[in-house]
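Trainee: Residue strings, one per chain:
Protein chains: 2
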Amino acid sequence: MDNNLLIIHGGGPTAVLNASLYGAVLAAKKSGCVDHIYGANNGTGGLLREELICLDDYSPEQLKLLTVTPGSAIGTSRDAIWQEDYDAMVPILEKHHIRYVLFNGGNGTMDTCGKLHKTCAASGKEICVMGIPKTTDNDIAVTDHSPGFGSAARFMAASAQELCADVRSLPIHVVVMEASGRNAGWITAAAALAGEKGYGPDLIYLPERAFDEDAFIRDVEELLKQKSGIVVVASEGLHDAQGNPVVKPIFKTERATYFGDVSSHLANLVIDRLGYKARGEKPGLLGRASIAWQSPVDRDEAILAGEMACEAAIRGESGKMVAFRRVSDEPYQMTPFLVDIDEVMMYERTMPDEFINARGNGVTDAFLKWCRPLIGEPLPDMISFNRMSGRK
Amino acid sequence: MDNNLLIIHGGGPTAVLNASLYGAVLAAKKSGCVDHIYGANNGTGGLLREELICLDDYSPEQLKLLTVTPGSAIGTSRDAIWQEDYDAMVPILEKHHIRYVLFNGGNGTMDTCGKLHKTCAASGKEICVMGIPKTTDNDIAVTDHSPGFGSAARFMAASAQELCADVRSLPIHVVVMEASGRNAGWITAAAALAGEKGYGPDLIYLPERAFDEDAFIRDVEELLKQKSGIVVVASEGLHDAQGNPVVKPIFKTERATYFGDVSSHLANLVIDRLGYKARGEKPGLLGRASIAWQSPVDRDEAILAGEMACEAAIRGESGKMVAFRRVSDEPYQMTPFLVDIDEVMMYERTMPDEFINARGNGVTDAFLKWCRPLIGEPLPDMISFNRMSGRK
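Chains as they are written, first to last, in this note's numbering: chain A, 13 to 404; chain B, 13 to 404.
Chain A extracted, bound-state conformation:
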């Protein structure tokens, strides 16, 4: 009887989601004890619909491209899963001789992973279900960080650096760049790493702090006394002290309320209240799909997490997720380990106080030290002339 492996993606892609898929496929092939490797087409729903993508016959060269392909090569979803779905999955897994299931995703997906593990265990089936962490937002508990974050952080830091070099060239104006992470400010905060090359953003607003429009306007006004071009990086999830989004709802449909962009809202505030030129930028999904700014450390760790989850499942582990423990910041050292899914399911990890400055408009050195190794390589060098060096 066959021993097959199934990989399932959940939630939004990252720049290294396919790198973990690569690691898992490689480990399965190397093990010599996996007959067929499948991907669930478009997440858990693909399993329920028995849409299994066979990954057996791709060449090593083709598979290697997974490490530089953004998105999910097997598709993903945000399907809500109920207990009857888990019950339905077990006979499908048995029918296709799937003994190993790897879930790659964030908090919601780890919840699914844990529940399928429990359903399999309760029904006495020998199916091992393992979790691979994935999130750009870095909000998964227990692990020091998750694959996907380092690349999103590198994109944000590099983009802030480039934006600052551009903005500094021109007369007085303010540019607000919006960063992903509705409840957790990790990606927004990573923009501060651009400062280490001399082109850092001037103000950083995180969703971990209530946003005060008056304080923001005062911050900008004060800075404009010292310099001409100001770059602000703001989380998409900014809210006021009462927890209300700072952006106004644009319109409602039956299902949801739609809000404007934080970036243009803050830019408009500057124009309206200070009379300065301002504009908002929102790279949005580009920040999680950028291969140009993929962090090599993140990519390698993503591959490792995929390999490790696969190897663990093959040796009989189940109901666990691969996690990272920080051993040292400089030189950067990390030890991977397995954690019970119960410890990570549905907990959301936000930035600790010691990573946020006292005024709530920037980050601390402790954050920079923690984040620096994750972007993988220093940002590029740039030249900055002494603009007032005078004539000879």
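It should be emphasised that the hints constitute simulated quantities derived from the structure, not laboratory data. Fair warning: there could be bad hints in the mix.
Same chains, same names: a pair is fine if it fits in one copy or spans any two.
[Stated by the list, open to error] Here are the simulated BS3-like pairs of lysine-lysine, each with C-alpha atoms no more than 30 Å apart in a straight line:
hint: 1; residue 1: Lys107; residue 2: Lys289
hint: 2; residue 1: Lys76; residue 2: Lys239
hint: 3; residue 1: Lys76; residue 2: Lys289
hint: 4; residue 1: Lys41; residue 2: Lys289
hint: 5; residue 1: Lys41; residue 2: Lys209
hint: 6; residue 1: Lys289; residue 2: Lys260
hint: 7; residue 1: Lys264; residue 2: Lys237
hint: 8; residue 1: Lys239; residue 2: Lys41
hint: 9; residue 1: Lys127; residue 2: Lys289
hint: 10; residue 1: Lys381; residue 2: Lys209
hint: 11; residue 1: Lys264; residue 2: Lys239
Add chain B to chain A, keeping to what the hints say.
Mentor: What follows is chain B alone, placed relative to chain A:
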């Protein structure tokens, strides 16, 4: 008496504006007949304020960094210049023994360049004034294309590719990416090059065509019958048949009216009228500041244009701009030449009809053939699994 060179930047930066500066500085040093090299701090205003940045003492290694530094290393501006300003510039140039002036900029800057040349000539001063073309929007007349465009095009094509790989991973939704170029659709159109790697945008809307919201909604609806994730690329300058911007004004100040973003406007239209999930992205200034997606052809041509303008000024040419003539698409061959500034001043070049498809929602093969060599290198390879390859 000294023979000095002054370089002046005008308008918004590009990813290769500093590369042209590099070319000019290199040519000046190589000529052996330039005593001091100055940059005007923040554009023409810097000349009027006599803020001259001395570039003599930077090492070759430092100067080389200009080729990978976005923005303007000497600063730029959008100052309006009057005849009295030109008259004021001549004695300042004489005072600082400046015999060669290089203007690097777009249509407006070439106008300034031509007028300073005429003012110098009329006053009988032996000051040579030359133009280096620069624009991401590619709207300068006569030249086949301008330095700055190739990199903006490469950014847009690569971003469209990455975005499409991401969007294709998920269940039904629509993403609209906004591209720069208010009146000229060149950058927007360049997104189509992503299609050559199998990840092209589905719809492209250019400012050269009146935008019809009903036709847009029909286009999206039709496509959603065939595929789940749709990527739309739209110019920031879309307007209706009457010439009115498709986005509504958000608010007015004394000086100007502020409009919302085209990207979020179109995304909201999809949500509202079709009920599908949609979002807008606006990389904005990142598209002209990206070194990661800098086109090597564009960079080399920018250096060449800087060198050539400098050499021409030194041998006594004045009132001319460096321009490019396309010799061949495949293999790509281009010949630089000098054109009288009068022929390019203040003309805006938009996309010709033969580059736009009949339905006005995409580009033609002729455009792809023209644009392809300018992005410098093919886009990265990615892997695309056969998502319905079935189980074994």
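Trainee: All the hints need checking, so say for each whether the structure fits it.
Mentor: Right, here's what the structure says about each hint:
no. : hint            : verdict
1   : Lys107 / Lys289 : neither (63 Å within a copy, 35 Å between copies)
2   : Lys76 / Lys239  : between (47 Å within a copy, 27 Å between copies)
3   : Lys76 / Lys289  : neither (46 Å within a copy, 32 Å between copies)
4   : Lys41 / Lys289  : neither (57 Å within a copy, 38 Å between copies)
5   : Lys41 / Lys209  : between (43 Å within a copy, 28 Å between copies)
6   : Lys289 / Lys260 : both (21 Å within a copy, 19 Å between copies)
7   : Lys264 / Lys237 : between (41 Å within a copy, 25 Å between copies)
8   : Lys239 / Lys41  : neither (57 Å within a copy, 32 Å between copies)
9   : Lys127 / Lys289 : between (52 Å within a copy, 28 Å between copies)
10  : Lys381 / Lys209 : within (15 Å within a copy, 39 Å between copies)
11  : Lys264 / Lys239 : between (41 Å within a copy, 26 Å between copies)
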